[in-house]
Amino acid sequence: MTSANPAIGAVHEPALRVAAQFEEAPQQVHAAKLGMWIFLATEVMFFGALFFAYAIARVQFPEAFAAASKHTNILLGTTNTAVLLTSSLFMVLAMRAAELGVRRATAILLVITGLLGLAFTGIKLTEYALDYRDHLVPVLDFSFDPRYAKGALVFFGFYFVTTGLHLVHLSVGNGLVLTFARRAWLGKPNTLADQVEIAGLYWHFVDVVWIFLYPCLYLVSRT
Amino acid sequence: MSSWTTGLAGDVPQGHAVRVETPSNYLNAKFTIGSWLATHDHKRIAILFAVSITAFFFIGGAAATMMRLDLATPAGDFVKAETYNKLFTMHGVIMVWFFLIPSIPATLGNFLVPLMIGARDLAFPRLNLTSWYLYVGGSIFTIAAMIAGGVDTGWTFYAPFSTMFSNTHVIYVLAGVFVVGFSSILTGLNIIVTVHTMRAPGMTWFRLPLFVWAQYATAAILVLATPVLAMTLVLVTVERLFGIGIFNPVLGGDPLLFQHLFWFYSHPAVYIMVLPAMGVVSELIAASAHNPVFGYKTMAFAIIAIAVLGFLVWGHHMFVSGQSMYAGVVFSFMSFLVAIPSAVKVFNWTATLWHGRITYTAPMLYALGFVGLFTVGGMTGLFLASLALDVHLTDTYFVVAHFHYIMVGGTVSAYLGGIHFWWPKITGRMYSDRWARFAAILLFVGFNFTFFPQYLLGIAGMPRRYHAYPPEFQTLNVLSSAGALILALGYLLPLLYLGWSLFRGARAPANPWDATGLEWQTSSPPPVHNFATPPVVTEPPYAYRMAALSRDVVDAREGTR
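So the sequences go chain by chain: A and B. When we follow the working numbering, the leftmost residue of the first sequence carries the number 1, and every step to the right adds one. When we follow the working numbering, the leftmost residue of the second sequence carries the number 1001, and every step to the right adds one.
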């Protein structure tokens, strides 16, 4: 929306195409942003219930959760945290580029964001495979120190439900980011900065969920 | 739904000179089935919802009718115990999630919110259509569960019964409710954003009709409470399918956790059902008394207060569950607090009638019925909010009677009242008010016959959810079952005369009730984009006295008086 800087490849923005139900573009942008914020409120409540259930289970089985947490793959988990945080950095840079109206840079930065998201997905799936090798997947193949087996089963149940739901959300974000990257490259959108900002809100939310998941799953007894 | 639309369409003479004179409206703009199934028009989506929820209302009603037939005799000889369990489960699931929750928000709310705030549509029309398709998707799962043999957990899905012991098709129904929950969330999101961003010039927050305030507060609850239910259902599924101990104590889970999560959603869900009804009734009473709503601002604040307090009282469903006694005391106190804004509303509705020019049309009869039945339902709620009394009354027919007074006596009365009130606007046709008044009175009588005896049964100690009972309860049960038949007749009647009006009803004028509000300033039915010229709001809501005054001035000037 910010007027383009002519020095860096000016974009002659086409006349804004406003959807039929709106009077003018700012109204549409306001609605879109508010819509995403409300959706994120929904998501907070969705994951909130999950974290609440996790907390209750952890109070129930403090030793088993500590023991089970040691069997998570701290190396891959930490690497993934770094990957995801870096992706958020590129998301912010993409947003800034979109604000300045630099389409190509926006597209490239969004692609990097998306690739980091895909890298996270790849590492996470690798980690799942290693968990399977270590007999840590409930239902399929699970064996654990009998002293903690009951609680550890609950822990790994939560581990797969939480990281699985997070991964589903991340994949949606990936689709969103790469779609906008394509649009930015082709020069289609006329409200690029706002669209990228909305995708960014979602992306950062998914990131924040991981920031809560990481200590809850990997760092229980590694203080 | 197609016969519905072709019926309407068939009334417009095709290729005839008259057609040119008929102003184009949202119903005759296009006729194909595709134009309905792919529509982005909030008015058409409202009708899609109305038709779908009506179908489910009668399925849920049929289950209730069979239960009442079974309870006519103490022996329970009409259906088996297992069948009875499945009947009350399907009745609850369908009535709560496939009728009551979408009832007013997705139909009247969808249709009226943009009209009332002077907008062309909701903020996200495609999301609105998605919401209907999610509803249909969820309903397919639920119907599949019914066909496959039903579910016996009760609509509450209490764990660990639902996760370990029930041998019925729990997962189907969980999936159905999960999906339909997202339909609710999208409707809520749409309404919040629409009210924030789409108001016409001059439509300030304190010029919003109370119906819009109620939809707004309801939408906030939909958005914040429904995801908690969604997660709860996910966790039930995880425990049932994979044996991960979340709720089942044998596996290391906590059954109280289920109840906390479930009621954290399901108590606010009660306000999802009743707040929109309060909004409808405010419109109906003001228009029928031709008087501004008494204490408009306190009414708006009471709506918000009920929505907020609704999130803080879930524990009153769990007084006998073994939760902390101190939690029980706090939840009891918070529950009593809800009575304050509720009473503010009842007193203000009553005060609105004062010095009014009251017309006793069918919508007004429904609205007055709402006020009376809601008051009885609300007062008996205070019995249940009292810790000691609840120990005796919990899980008895007293509870059943209490929540049916709120949900059926309250919400369904208001929903039907609203459908009648806005019927001329929605369809462009007038119905027979005489028949409508008859149906309203029949419903009021039938409702009280059905559910008042259940209060007495509950106090006498008859537990809910049993298909047989000791013979001394028979008299009251027969009364209740007889009332249910009257009630069933009362629900079928509107289908007949409202259906009739679609074909034979007189054309509705733009404002048949002489009501204020932007929706009455556009034609009936409204044009595709709602208003021929974008409205500008210059007066407070419910300016009935002002309208009467200016009419007098005009009359005096023109010398007609």
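Honestly, the hints are just simulated from the structure, not real lab data. Just so it is clear, CB atoms sit at the ideal spot from N, CA and C, and this is done for glycine as well. Treat the hints with care, as some may be off.
FRET-style restraints, in silico, Cβ to Cβ [what the hints assert, rightly or not]:
#1 1079(B) - 118(A): 52 to 58 Å
#2 1329(B) - 63(A): 29 to 35 Å
#3 115(A) - 1326(B): 50 to 56 Å
Which bits of chain B does chain A cover? Going by a derived footprint, with three or more residues having C-beta under 8 Å, they are [what the hints assert, rightly or not]:
#4 1195 to 1207
#5 1218 to 1226
#6 1243 to 1250
- request: Run the structure past the numbered hints and jot down the numbers of the failing ones, going up.
  value: Checked against the structure, no hint fails, so every one of them is satisfied.
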